[in-house]
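So for the sequence shown, my numbering puts the first residue at 1; every next one is plus one.
Derived by calculation from the structure, the hints in this document are not laboratory data. Every residue, glycine too, gets a C-beta built ideally from N, C-alpha and C. Hints should not be assumed to be uniformly reliable.
[What the hints assert, rightly or not] With a Cα cut of at most 35 Å, we get these calculated DSBU-like pairs of lysine-lysine: (1) K7 - K110; (2) K112 - K42; (3) K110 - K42; (4) K112 - K7; (5) K7 - K42.
[Stated by the list, open to error] Estimated spans, in silico, between C-beta atoms of each pair: (6) F75 - Q117: 21 to 27 Å; (7) E14 - N113: 30 to 36 Å; (8) F68 - K112: 17 to 23 Å; (9) T18 - S44: 30 to 36 Å; (10) S23 - E72: 28 to 34 Å; (11) F68 - Q17: 20 to 26 Å.
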Amino acid sequence: TITIPDKDVLYLYERLQTTERMSATDALNTIIELENYYTGVKNSLIGEPSEMVDKAWHAHILNTPMYFSFCESSFGYYLHHVPYWTAGSENQQMQAIVSSSEFQIPMYTKLKNLGIQHLNETVWTHRTTELNHNIEKKDEL
Numbered sequence: 001t002i003t004i005p006d007k008d009v010l011y012l013y014e015r016l017q018t019t020e021r022m023s024a025t026d027a028l029n030t031i032i033e034l035e036n037y038y039t040g041v042k043n044s045l046i047g048e049p050s051e052m053v054d055k056a057w058h059a060h061i062l063n064t065p066m067y068f069s070f071c072e073s074s075f076g077y078y079l080h081h082v083p084y085w086t087a088g089s090e091n092q093q094m095q096a097i098v099s100s101s102e103f104q105i106p107m108y109t110k111l112k113n114l115g116i117q118h119l120n121e122t123v124w125t126h127r128t129t130e131l132n133h134n135i136e137k138k139d140e141l
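Hey, can you work out the whole structure from these sequences and the hints?
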């Protein structure tokens with residue numbers, strides 16, 4: 001099980017509340033699920049983080065010295081964040097991963113199957129209303 005260091009947790013807790021406008025409870029729950037995601041990665045699971053977990057991961061990455069130190073102590077290597085993008089789909093290795101049946105299984109399900117208990121389903125399934133609102137605006141034009 002991966003445990004994010006206390007100093008990193010305090011940083012992420014503040015960042016998620018100030019930059020992502022999460023409540024204190026949502027920020028804490030998201031950090032816990034980021035730990036679960038990192039645990040899955042440590043156990044060779046391949047899959048996407050949820051939208052909320054991804055926001056926490058981005059915040060962690062932005063503090064590069066902190067994130068680098070965390071990666072070295074937790075994984076023994078730098079854990080890169082490689083987002084999927086259409087031009088990147090020309091990369092055959094990336095395309096093989098994204099189109100594999102293993103990748104299509106939600107990370108939430110994989111973490112449950114790994115035996116992680118007390119996963120917060122809301123953090124893994126929540127979609128921001130802002131995203132849905134922006135899509136609706138585009139449809140209206």
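Here is what the structure says about each hint:
no., hint, in the structure
1, K7 - K110, "holds, 28 Å"
2, K112 - K42, "holds, 15 Å"
3, K110 - K42, "holds, 13 Å"
4, K112 - K7, "holds, 27 Å"
5, K7 - K42, "holds, 21 Å"
6, F75 - Q117: 21 to 27 Å, "holds, 22 Å"
7, E14 - N113: 30 to 36 Å, "holds, 33 Å"
8, F68 - K112: 17 to 23 Å, "violated, 30 Å"
9, T18 - S44: 30 to 36 Å, "holds, 34 Å"
10, S23 - E72: 28 to 34 Å, "holds, 32 Å"
11, F68 - Q17: 20 to 26 Å, "holds, 24 Å"
Figure legend: structure checked against the earlier numbered hints; the only hint not met is number 8.
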